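Peer 1: Read left to right, the sequence shown gives residues 1329 to 1846 (our numbering).
Please keep in mind that the hints were generated in silico from the structure rather than gathered at the bench.
Because the structure is a prediction, the values reported are computed rather than measured.
By construction, the Cβ of each residue, glycine as well, lies at the ideal position given by its N, Cα and C atoms.
Hints are supplied without guarantee of correctness; some may be wrong.
Said to hold, decoys possible - So the derived label-pair ranges between C-beta atoms look like this:
1) 1815 / 1651: 21 to 27 Å
2) 1342 / 1444: 24 to 30 Å
3) 1525 / 1684: 37 to 43 Å
4) 1817 / 1735: 35 to 41 Å
5) 1819 / 1668: 28 to 34 Å
6) 1444 / 1711: 46 to 52 Å
7) 1825 / 1444: 36 to 42 Å
8) 1354 / 1756: 43 to 49 Å
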Amino acid sequence: MTDQPILKRREAKSTVAVRVRNVSKSYPGVRALRGVDFELATGEVHGLVGANGAGKSTLIRMLAGAAIPDTGEIEIEGAPIAFDDPRMRRGAGIAAIYQELTIIPEMSALSNVFLGVVPSRFGMTDRRAMRRRFDELSRWMGLSIVPDTRAGTLSVANQQMLEIMRAVQADQKVLIMDEPTAPLGPFERTRLYELIARLKQNGVSIIFISHDLDEVLRLCDRVSVMRDGQRIDTRRAAGWDKASLVQAMLGDVEVLPGRRRAPAAAAEILGVQGLTVPGVVSDIAFSLAAGEVLGIAGLVGAGRTETLRAIAGDDPASSGRMTLDGRPVAWPRSVREAIGHGIMLAPEDRKRLGLVLSRPALVNLVLADLGAVSRFGVVDRGKRRAAATALSERLGFNPGRLDADALELSGGNQQKLVLGKWLHRGPRILLLDEPTRGIDLGAKQEIFRTIRRLSDDGMAVILVSSDLEEVVEHADRVLVMARGRQIGEFAGPEASVERILNLIFAVEDRAVAVGVPA
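With the sequences and hints as input, model every part of the structure.
Peer 2: Have a look at this one:
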């Protein structure tokens, strides 16, 4: 880290950075906000929690200038915002880091960080100043991103860090962070927490939105709960606990206990030996029984996603040996081949890779097997709706929303569509990459209920999640990875977050000691 200050200590004009008074907002058929009052103190980290659809996104869109309230007032450091003056709204000093990334994939990491705020010298872009500032920010944030790297080739975690870097370099007085830690592993999360603490010390005020309630209680000074478009309550973080937050957010929610099953006694359905992706993953081996949930744990960059993609036939460079029901089969060289084996992947990036956002939910649900809802080569609308309705009921998706475009749905409902698409196809082996990223507690419980029902019916599941508690609680066995290699395995009651992290950190520490590159 550099000793030079990245931000100048700002002199606050008011003890209240943002004040919202009696704000309401309606869309066709939906009242998104109902007379909301909200205050963000200067230099405060203020948690904002609520189920999907509670109104959080609408509120932060208004603060960021992306929407205009029907009624009410918003003040920034005591100055009222004129909603009819776009220039004033842009200069209000609020930067939003949304859950859905705004990175431009074809541009470099450097250009993404300075998007819209490019330093100039004598009327020309000062690329030397850009690189100097980029390097300065990278050191301060503990990153090692090459500035000329095409942003689209970076991991989701590093793309998220570019978003944060962009907001930090613009020197905004208020940051809105919408699920910033969702794609991050423990190392990256710790780095972000340290960054938030430094921003707070420099007088920056932060609205922090997260479905990780433990994280919210640990990180925030105050926490506000929203439900049904209203602010239900605001307290100091010490005045909440996880149970009271859940009660305020959702009412009574059934939280599934961990599986903690004994090792599955069923016959092996999948065997993998020598799984290798050149330069990324080396010599992974495991077996998977019918009805078993195998968790894969590791930090960002451990090779978890690449392992799933290789098994799903989505990486032609991968190699290995595979058996199905004890019989050798050719290593899948395409997604089509893997699907032919009954292996299907629900990807981490559900919006870009899992759904057709411009099409209705019912179309997405049957997309993986149109033949099942067709007659003489033409889609039968009656069959399609019947199949989609049956799937929605199985997944806890409201059938009344089948005609809504996928883009309009919450993250939890989008994830249900991704699962439903493959359930319609009928997998034997379902690969789930970050299935609960960015969705609320209620939707998470529904997703895990679905996974449990599927495994109880004999489907084999491989689960990857950056939330190690989820892996421990919902997997029958946990395979641990670090630096592209398999470093251990825990079964049932043996697995714990502490044991997994101790194993990973021991490998990381040894690698650093002998100078092994990341």
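Peer 1: Using the beta carbons of residue 1817 and residue 1735, state whether their distance is inside 35 to 41 Å or not.
Peer 2: Distance hint for residue 1817, residue 1735 holds at roughly 40 Å.
Peer 1: Range first: 46 to 52 Å. Now tell me if the beta carbons of residue 1444 and residue 1711 are that far apart.
Peer 2: At 48 Å between Cβs, range holds.
Peer 1: Looking only at beta-carbon atoms, does the pair residue 1825, residue 1444 fall within the given range of 36 to 42 Å?
Peer 2: holds, 40 Å
Peer 1: Cβ-Cβ distance between residue 1342 and residue 1444: within 24 to 30 Å?
Peer 2: Roughly 26 Å apart at Cβ, these two residues keep to the hinted range, so it holds.
Peer 1: Evaluate the given range 21 to 27 Å for the C-beta pair formed by residue 1815 and residue 1651.
Peer 2: holds, 23 Å
Peer 1: So the hint says 37 to 43 Å: do the beta-carbon atoms of residue 1525 and residue 1684 match that?
Peer 2: With Cβ atoms ~41 Å apart, the hint holds.
Peer 1: Taking 43 to 49 Å as the hint, is the beta-carbon distance of residue 1354 and residue 1756 inside that range?
Peer 2: Hint holds: Cβ distance 46 Å, inside 43 to 49 Å.
Peer 1: Could one say that the CB atoms of residue 1819 and residue 1668 fall in the range 28 to 34 Å?
Peer 2: Holds, at about 31 Å.
Consistency with the previously given hints is maintained throughout, with no hint failing.
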